[in-house]
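Enquirer: Construct the entire structure; sequences and hints are all you get.
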Amino acid sequence: MVKAVNILSLLSPANNLKNKQISAFPSIIVLNAAPVLAFYLKKWVIAILLACALSANVFAQTATPPMPPMPLDLELRLKKLETELRCLVCQNQTLAESPAGLAGDLRRQIRLLADSGKSNDEIKEFLRVRYGDFVLYNPPVSRKTYLLWFGPFVLLAGGATIAFLMARQRRLKLGGPQPTISEAEQKRADALLKGDDEKKKYDDRKK
Amino acid sequence: MAEPITHAASNAAPSETPSALNPSAPNTLTKIWRYFLPLAIFAGLVWFLYKGLSLNPREVPSALINKPVPEFKLALLQDGEKSLSPADMKGQVWLMNVWGSWCVSCRYEHPVLNELAKQQLVPIIGFNWKDQPEDARDWLKKFGDPYAKSVMDRDGRVAIDFGVYGAPETFVIDKTGMIRYKHTGPISPEDMKNIIVPLLQDLKKT
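Here the protein sequences line up with chains V and F, keeping their order. Residue 127 is where the first sequence starts when you use our numbering, and the numbers rise one by one after that. Residue 916 is where the second sequence starts when you use our numbering, and the numbers rise one by one after that.
Among these hints, one or two may not hold up.
What the hints assert, rightly or not - Result set (DSS-like, lysine-lysine): computed pairs, CA atoms no more than 30 Å apart in a straight line: (1) F:Lys1090 with V:Lys299; (2) F:Lys946 with F:Lys988; (3) V:Lys320 with V:Lys332; (4) F:Lys982 with V:Lys244; (5) F:Lys988 with V:Lys250; (6) F:Lys982 with F:Lys1119; (7) F:Lys946 with V:Lys250; (8) V:Lys270 with F:Lys1033; (9) F:Lys966 with F:Lys988; (10) V:Lys244 with F:Lys1119; (11) V:Lys270 with F:Lys966; (12) F:Lys982 with F:Lys1090; (13) F:Lys982 with F:Lys1033.
To be verified - Chain V side only, calculated, beta carbon under 7 Å to chain F, not exhaustive: (14) Leu198; (15) Leu214; (16) Cys216; (17) Pro225; (18) Leu228; (19) Asp231.
These are computed hints drawn from the structure, not numbers from a lab. Every residue gets a Cβ at the ideal spot worked out from N, C-alpha and C, and that includes glycine.
Expert: Quick look at the structure:
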């Protein structure tokens, strides 16, 4: 696979642009080239992925006939679907990226199902019935997964309630029996809040 | 004179002497709680994490428990002309053991199966998964053949219907053709003695 990438990237016009970018190409041109570069890169990445998938298939099929080539849009649809499914052997990898033998078998099965006109949901159900919810990276909402789906919201609500209660308690404490002050003290306080000039006036008047 | 006012203002920050303003201040017990609550939460967290250490993430509960055994018709390993399907096993309790000559853990498990076969409690059907028939036959010659019959699933298609994701795996199927139990990974002598044999005896009675 490494070899294939190297050869393809040498041929790729996108790669030529990238090389120039490295060799102190005026940045403004590089900026203009970026979308073009991305476009070419995308195309080549897809081509490389397809090439790898096809060659991997040839090697994997010692006992079974090779898969018929698929239209590009279907291939892309299935690649996306496979990223939503878990490989049960590697567990933390998706079916799309797992090199395990079982993942290859399952990818093949998915292709056969898709070829016979099954939708993504039907294919997911096919796997769920056999391997359980674990095969789905996006677990369905059920009694078993309530905690998983709603647990964080419950924690958030709990935290918010505690914060609210603490705030209210503090407010009640402050709003509780306040120290009483006389009218004169109140006036002086107001004066102090207004500033020194006012205070002076007050003091003068007092005298 | 200005004292009370400035004091009240500074009270906006957490008060160190709530009792001064609030006569019904929290008593010592609730105060202690306040310090122990985080500790309790932490202890709970540690318990969950510790529990998680002893769980085996590889053990995925089977979706097929209490479901009818998937239909199949596969050629026999010893005689490719003949085949076996679950219908042939109806009326008896049986064990289906997924194995392959390429599977190292199967070798570890094999003596346990040989031992069970000697007891003649139930027939064991070998499910030879993604293997070369010659290799599989050689393997059985070398390590003994506990299987009443062995079927070949060379491309792994039927294994998908069983939700197989590794070898060895063992299914216990009752008289009506329902899957009652699945063991993932090699069966240890203890598992056989404490879980599988009692279950088989129970199922045979019904």
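Enquirer: Now look at each hint and say whether the structure bears it out.
Expert: Going through the hints against the structure:
no.	hint	in the structure
1	F:Lys1090 with V:Lys299	72 Å, violated
2	F:Lys946 with F:Lys988	71 Å, violated
3	V:Lys320 with V:Lys332	17 Å, holds
4	F:Lys982 with V:Lys244	24 Å, holds
5	F:Lys988 with V:Lys250	25 Å, holds
6	F:Lys982 with F:Lys1119	18 Å, holds
7	F:Lys946 with V:Lys250	54 Å, violated
8	V:Lys270 with F:Lys1033	41 Å, violated
9	F:Lys966 with F:Lys988	42 Å, violated
10	V:Lys244 with F:Lys1119	41 Å, violated
11	V:Lys270 with F:Lys966	19 Å, holds
12	F:Lys982 with F:Lys1090	13 Å, holds
13	F:Lys982 with F:Lys1033	29 Å, holds
14	Leu198	26 Å, violated
15	Leu214	4 Å, holds
16	Cys216	10 Å, violated
17	Pro225	15 Å, violated
18	Leu228	6 Å, holds
19	Asp231	4 Å, holds
Figure legend: structure checked against the earlier numbered hints; hints not met, in rising order: 1, 2, 7, 8, 9, 10, 14, 16 and 17.
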